[in-house]
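Enquirer: If you read the sequences in order, they're chains A and B. Start counting the first sequence at 1; every next residue gets the next number (the numbering used here). Start counting the second sequence at 480; every next residue gets the next number (the numbering used here).
In case anyone wonders, no lab produced these hints; they're calculated from the structure. From a predicted model like this one, the values you see are computed outputs, not experimental measurements. Note that the Cβ used here is the ideal one computed from N, Cα and C, for glycine as well. Don't take every hint at face value.
Covered stretches of chain A (chain B as the covering partner; in silico rule of three or more C-beta atoms under 8 Å from a C-beta of chain B) [stated by the list, open to error]:
(1) 160-169
(2) 338-346
(3) 431-443
Below, simulated BS3-like cross-link-like pairs (lysine-lysine); rule was C-alpha separation at most 27 Å, straight line [stated by the list, open to error]:
(4) B:Lys510 with B:Lys534
(5) A:Lys260 with A:Lys244
(6) A:Lys224 with A:Lys344
(7) B:Lys525 with A:Lys390
(8) A:Lys344 with B:Lys578
(9) A:Lys77 with A:Lys48
(10) A:Lys398 with A:Lys418
(11) A:Lys390 with B:Lys520
(12) A:Lys475 with B:Lys839
(13) A:Lys89 with A:Lys77
(14) B:Lys757 with B:Lys601
(15) A:Lys104 with A:Lys418
(16) A:Lys310 with A:Lys251
(17) B:Lys748 with B:Lys520
(18) A:Lys344 with B:Lys657
(19) A:Lys225 with B:Lys578
(20) B:Lys578 with B:Lys534
(21) B:Lys520 with B:Lys534
(22) A:Lys48 with A:Lys240
(23) B:Lys787 with B:Lys748
(24) A:Lys77 with A:Lys398
(25) A:Lys475 with B:Lys578
(26) B:Lys711 with B:Lys757
(27) A:Lys56 with A:Lys344
(28) B:Lys578 with A:Lys133
(29) B:Lys520 with A:Lys133
(30) A:Lys398 with A:Lys56
(31) A:Lys362 with A:Lys260
(32) A:Lys111 with A:Lys133
(33) A:Lys474 with B:Lys787
(34) B:Lys578 with A:Lys224
(35) B:Lys676 with B:Lys534
(36) B:Lys510 with B:Lys525
(37) A:Lys263 with A:Lys249
(38) A:Lys474 with B:Lys748
(39) A:Lys344 with B:Lys520
(40) B:Lys578 with A:Lys219
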Amino acid sequence: MSKIRKMIMGATLSGVAVALAFSPAVSQETQKKDEANKDRLPMVVYDKNPYPSTYKPFPSVTTVIQNATVFTGTGEKLNGASVLMENGKIVAVGTEMDVPYGAKVIDGTGKWVTPGIIDVHSHLGVYASPDHKSLSDGNEATQPVTADVWAEHSVWPQDPGFARAIVGGVTSLQILPGSANLIGGRGVTLKNVPSRTREGMKFPDAPYGMKMACGENPKRVYGKKGGPSTRMANMAGYRKAWIKARDYKQKWEAYYRDYKAGKDVKAPTQDLELETLMGVLDGEILIHNHCYRADEMVSMVNMAKEFDYKISTFHHAVESYKIADILAKEGICSAMWSDWWGFKLEAFDGVDENIPMVAAAKACAVVHSDDANGIQRLNQEMAKAWADGKNVGLDFSKAEAIQWITLNAAKSLGVDDKTGSLEKGKMADVVLWSGDPFSVYSLAEKVFIDGALMYDRSNPDTFWQSDFEVGYTKKGAHQ
Amino acid sequence: MRKSALKIALFASAALSFSLGAAVAETIAIKGGTVHTMGQKGVIEKGIILIEDGKIRDVGQDISIPSGAQVIDATGKVVTPGLMHGGSRLGLSEISMTKDSNEHSAQGSPFSAAFDVRYGLKSNSSVMADNRRHGLTHAITQPSGSDGIFAGSGALIVLTGDADLYVAKGPMVAKLAKGGNRNVAWAKLRLIFDQVKFYTKNRSRIQRGEGPGDFLLSSFNMDALIPVVEGKQKMVLSVYSEDDLRQAISFQKETGVDLILSGATEAWKVADQLAAAKIPVLINPQSNLPENFGEVAASFSNAALLHKAGVDFAIIAGDVNHNAHTVNQMAGIAAAHGLDRDVALAAITSAPARIFGFEKSLGSLEKGKTANVVIWDGDPLEVTTNSTHVLVGGVNHPLVSRRTLLRDRYLGLNKKPFAYH
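Pulled out of the complex, with its shape left as it was, chain B reads as follows (with noise of 0.2 Å):
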């Protein structure tokens, strides 16, 4: 009786939580699965989660579980942290081909580095609801560009599916490949931090109009840098190329930078030194054709020799939004070419928290942390495996969106007459 009411009681508060967007954290405990906490605790067999108020209380195997609480049995299934994607476009796009839904670019205005997706975020977003029920419930989403090598500054977000989705401001985010020729661009990238530089000493002189007029960049941009040059905001540079990776490297030594490197398509080939510089990168492990001349060294071999060597990295998914939740097949397709498993797992988890600082609040499961937790049916990592519950902020969320009322419309079409129910 007590389980068919909690039923009731479930789906109650998964009606009201889509329909308004809003939902209750309360009491949770999840019980009798495998635990992958990706912290100290490692794999707890028939383990206790306790959630209060949004956040993990304990987590171990001989935990009381206070009465009132709601029980979720996750006996036989797999319990994992939220997925997270270090480079997502998520709430700031809701279909790429129509101009009216995208909020990610600074092309076109005078902004670059002072572009910030915080102002543009869309909580309500059918692409989040989706990916949430996927299994990710957290992410760095980011600019995708501008008309310079600065594309502005990301954040992080959680999946909740209110206006509260914005949690912090994130890296700042670089392409290369938009400066130019190679020569061009890295010329341009240090002449701005030295610009930068001068320019933070001097900015009232500067903004009185007696300093020099002929910065690379425009007042305000510079001003969103200066958190970038002085080592405090972390910033995500795409490169992909052998050489253009031990530029980064040298660029790093020579400027201190909070260094990420994104795409890094040929990290492997300069792995030691990546390691030995302490620089992370984010790899989306199914690159593996030569897209163009400075990928042609593209291997799916990437993330376990990275490994190997000692790289601290996070893998992506190649799709920064709809299917963002892909990442944990891309984790399993480098698990599938070398990669340890856990370091897999690890690398959609712990690693793009701690990559980017998040890791006091999130990316394992252990107490004080947001309690954002999936429960699967099977190997997180497997392509046949499926969420059944996911939390976000310990809200039990239900795993509907748009797409799932849709298909619930037409199955069963046959059996009964065509109607929109």
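Next up, chain A with everything else stripped away, as it sits in the complex (with noise of 0.2 Å):
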């Protein structure tokens, strides 16, 4: 009962209210109410955020970086720019700026700014290195239908991957439990930083996501487990799950309906499956969808309309090059790969072009790693496809590729209000290279998240070493 909160709402209750009620002024609010209903029994709300981001922002100083080529993440190259960084957001990016009195100044003559690398699909904390059993949490391969749990409580936030990752300028990424399953659980959405908890990392306010997967992977894990061991079958399997939790979302509202209307009903008891998929009918949680062939795609967009849900985005889409159209329509990003193909038939058809002519679509763009060493160097993987891309003359501006990795990438994790982009009042999650970010000579030289430098080239003293790496080797040995 300690995780339940319980309490009594007035009759103008709403249902959007039923979101705000751990605000602490409306807890009080509804504490007076509780007084004038004292013979009632209080409304049954569950928190739906039990586990709440304890992140807090580094310690920052004014920073100006100064004569660099800035790419906005908005679409737009600026030559000889600057981008000032104050209490942990941003302040002003153009070519003409007062620098505040006193404030840190970096020049950044030769060298390119971007906003921070987001990456929509790792497993680093899930699946973490070293690559060990005991370390291997990122599938709850038991049954097809594991909505009930959620990858941020297998999260291990020493994996040495994640120091990894911010040397390549990553800054937030969102973690999805794995694809055996028809539908795996919540992923969860961090900000790149050390923390001895998970909840240190959680990226504050970060509507959740669901994984769901596609094709082989549920096939070929659940084939001689009792099923689905065919495509027909992972699709019942989704609709079966979809069916009970409209009952549920039902339930649950008729419970409101009838306690608002002073009856005296007992509410549904919680289902922590039929929560996470009611979050997605609400649309709270978003729907990131393992899926490779474009004809899977269309039938996952299908039912997303029978049952009224909306689908974020599809990850690995090696075929949406396929259905750009279709998806540019629907408003559904793609999450893929540069130029994996071919290491399962359902990733046969992959083409080096994808990405580009998903973005010539208009379809939301989006380039992943879903590996712990491709995390490293999204910007290659940005780059490569941009070339390929204009060798076919699908010509983006740098300018406009760059948001594959970022703007769009915020865009698919519903964070696109906070980061994603160097505009003003972002997070200042900020990454200075020391050259061109489409040349593989290029490196992250210094990186921002939330106006304070967490990664140093320069200076060892911020270099990130996980515990486990600890009396093993010297920070920074790896780079």
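Can you join these two chains into the complex? Each is in its own frame, and there are hints to help.
Expert: As structure tokens, then:
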């Protein structure tokens, strides 16, 4: 019972107000009403965020990077521009800027600045290094639907992979549960910072994501464990889950309606699995759908219409180029590799131009890693896709292409109002590159998260070493 | 006029070679590019490469081009030898997760050392065609494993797309990790070498049933190891940790085996010893994660530090099949972390050819060598560079693969009604 928050809400309570139930102000107000309605059972409202973020930005100083080539993440490139960060926020970006007195000034001559890189598909922490069974916590492959599991409860904050990723300019990332299951559970969006706890990494107020997987993986894993063993059974499995979720949602809606009408009603029993699914139906949890083939993606779109939910992003999506127009129309992002293909049959039709072809159709294109190595050079993966597009006449500017690993990724995660571009008021998640980030030779020199200098290639004191590595290697020896 | 006629001729030969998987080598001159010969002549600006009958006839600045030769204008472009992956699975696997398209493992069979990849090579693999268009022209293709330490013999293949792809027998492949714990594995490896020596001397007696019957390997697997034990066939041993690298150096001294070490994540820690022992290594420069307790010192600096110490090394990609061609990106990563760019380019062209013993015919643009040549639209180590021409054995292959054909079906999808054209 300790994790359940019960309180009496007034007759004017709406479904939306339920979401605000954990705000202290609302609690006080409702407690007053509690007094006034002593004889009624309290209305049951479960905390939707029982493990809230405790992330606090690291200390920062007012900093300006001057005279750099700046990709803003909004599609613009500014030459000889400055970026001003103050109190953890982007304050100004432009070619003419007054530098506040006492600000730390970094000379960006000959260097490039981009927004922090965001990886929408990572298993850092849940499939940690070292690659050991004991640390393999990313796939609850025990039944096809495990919407009740939350990746954050598997995240090991000491995975050395986080420290490697920041050297590659990654400032935020979504950790997803694995892809064995039709519905794998909740993902979690993190700020890429050292922390003793997973809550200390959680991106404040980022919406939850829910992982679904199409195709071969569920077939392979459950084919000999009672199914699904076919794509049609995959589909049946998702639909059965959504039917249950719809029913659960209706029960809660009826409960709130009746309670508000003054009836003496009993709340439905909390069901962790259905709670997550209901969150999707309510539009609060974003769908991250691992799906390779075009035909399967369209089936998933149709299913989303059947049950009235929205798909945020197809992940892996190697065949998005075949249906880029449909994805544009539906407003669904595709998170893709630049060149991975053929490792399984459903990846056999992967083409190098997938990402630019999706972008050319004006659909939301994102480059993702799904890999502890790939996450360290998402800029190179983006650059390869950009060059492949150029090779076939899909001539995006570099300023547009950088969005595939910044603003579009933030959109996919529902945090584009907070990060993903260098715009006034956004989190000061910023990377200073030694050169053009489209070059294999360029390295991140400085990485700022919420304005705090979290990695500085020239200062070993800033190197992040996980507990696991202590005593084995010197800080930064992996560089 | 001549230029357009040439274009048509090129296209026709390209289409033919794709549809029939065969193309005719002819006289070709590549002119105007910056030629990285990776040989004695170094870098030649505005160089000319003359190719005849699949071989390089000459390289230089003042070379007369015979009339009737196909001329490829490489002005403003970069010309290099074809790229090589020194530890691939090419031709042995179409899709790693479909059982019926994989021929790379002896697991579940009585074969270990006797496994030989040449019987299962697939010449018209879409994977090879795609790697070729990205500039990979030849490779060591090798077995992935068996139920023991020895995985079998690899092969040198050339990515012609034809049945003539097999060129020569490659190294014996051995994986220490398949031998049990490290004590067991090293003991086994030493014991097997001793037993093979004994077996070689007493072969006919043993085969008559008069010898000891307690060999670790069966006779046909020991037969395959005779050239290895005698130092006539190279052996690639996968080892990662500093301790195993030291053990490997000792083992080489004891046995005289012609050793190449692969993986070698912590090699930078024993770079001087490797250099002194003249043992070459194959490394993947992006390995910087402590994948296990034997790789805690994994570092981006591995390549640069090995070079500084004078170790002979080649760069391989972690992807051994579909994206084996990304050896150039891997070389670029090594260069970004302190390795000289010319050395990085050598590590994916001339160095692997030399390390595997094929430097007489491959790895550089020099007179008499096989004409495996790539023309690039920029720095070959850059991720934004594309190949514009790929010649394998003097044949100018079109930059076409199953994947480019698929791409072309869908390019401009919204500009025309959908059809499978």
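Enquirer: With reference to the structure, classify each hint as holding or not holding.
Expert: Here's how the hints hold up against the structure:
no.	hint	result
1	160-169	holds (count 3)
2	338-346	holds (count 7)
3	431-443	holds (count 6)
4	B:Lys510 with B:Lys534	holds, 16 Å
5	A:Lys260 with A:Lys244	holds, 24 Å
6	A:Lys224 with A:Lys344	holds, 19 Å
7	B:Lys525 with A:Lys390	holds, 26 Å
8	A:Lys344 with B:Lys578	holds, 10 Å
9	A:Lys77 with A:Lys48	violated, 41 Å
10	A:Lys398 with A:Lys418	holds, 23 Å
11	A:Lys390 with B:Lys520	violated, 34 Å
12	A:Lys475 with B:Lys839	violated, 44 Å
13	A:Lys89 with A:Lys77	holds, 20 Å
14	B:Lys757 with B:Lys601	violated, 35 Å
15	A:Lys104 with A:Lys418	holds, 24 Å
16	A:Lys310 with A:Lys251	holds, 21 Å
17	B:Lys748 with B:Lys520	violated, 34 Å
18	A:Lys344 with B:Lys657	holds, 25 Å
19	A:Lys225 with B:Lys578	holds, 20 Å
20	B:Lys578 with B:Lys534	violated, 38 Å
21	B:Lys520 with B:Lys534	holds, 17 Å
22	A:Lys48 with A:Lys240	holds, 24 Å
23	B:Lys787 with B:Lys748	holds, 12 Å
24	A:Lys77 with A:Lys398	holds, 8 Å
25	A:Lys475 with B:Lys578	violated, 43 Å
26	B:Lys711 with B:Lys757	holds, 17 Å
27	A:Lys56 with A:Lys344	violated, 42 Å
28	B:Lys578 with A:Lys133	holds, 25 Å
29	B:Lys520 with A:Lys133	violated, 52 Å
30	A:Lys398 with A:Lys56	violated, 33 Å
31	A:Lys362 with A:Lys260	violated, 45 Å
32	A:Lys111 with A:Lys133	violated, 42 Å
33	A:Lys474 with B:Lys787	holds, 20 Å
34	B:Lys578 with A:Lys224	holds, 17 Å
35	B:Lys676 with B:Lys534	violated, 41 Å
36	B:Lys510 with B:Lys525	holds, 7 Å
37	A:Lys263 with A:Lys249	holds, 19 Å
38	A:Lys474 with B:Lys748	holds, 13 Å
39	A:Lys344 with B:Lys520	violated, 44 Å
40	B:Lys578 with A:Lys219	holds, 15 Å
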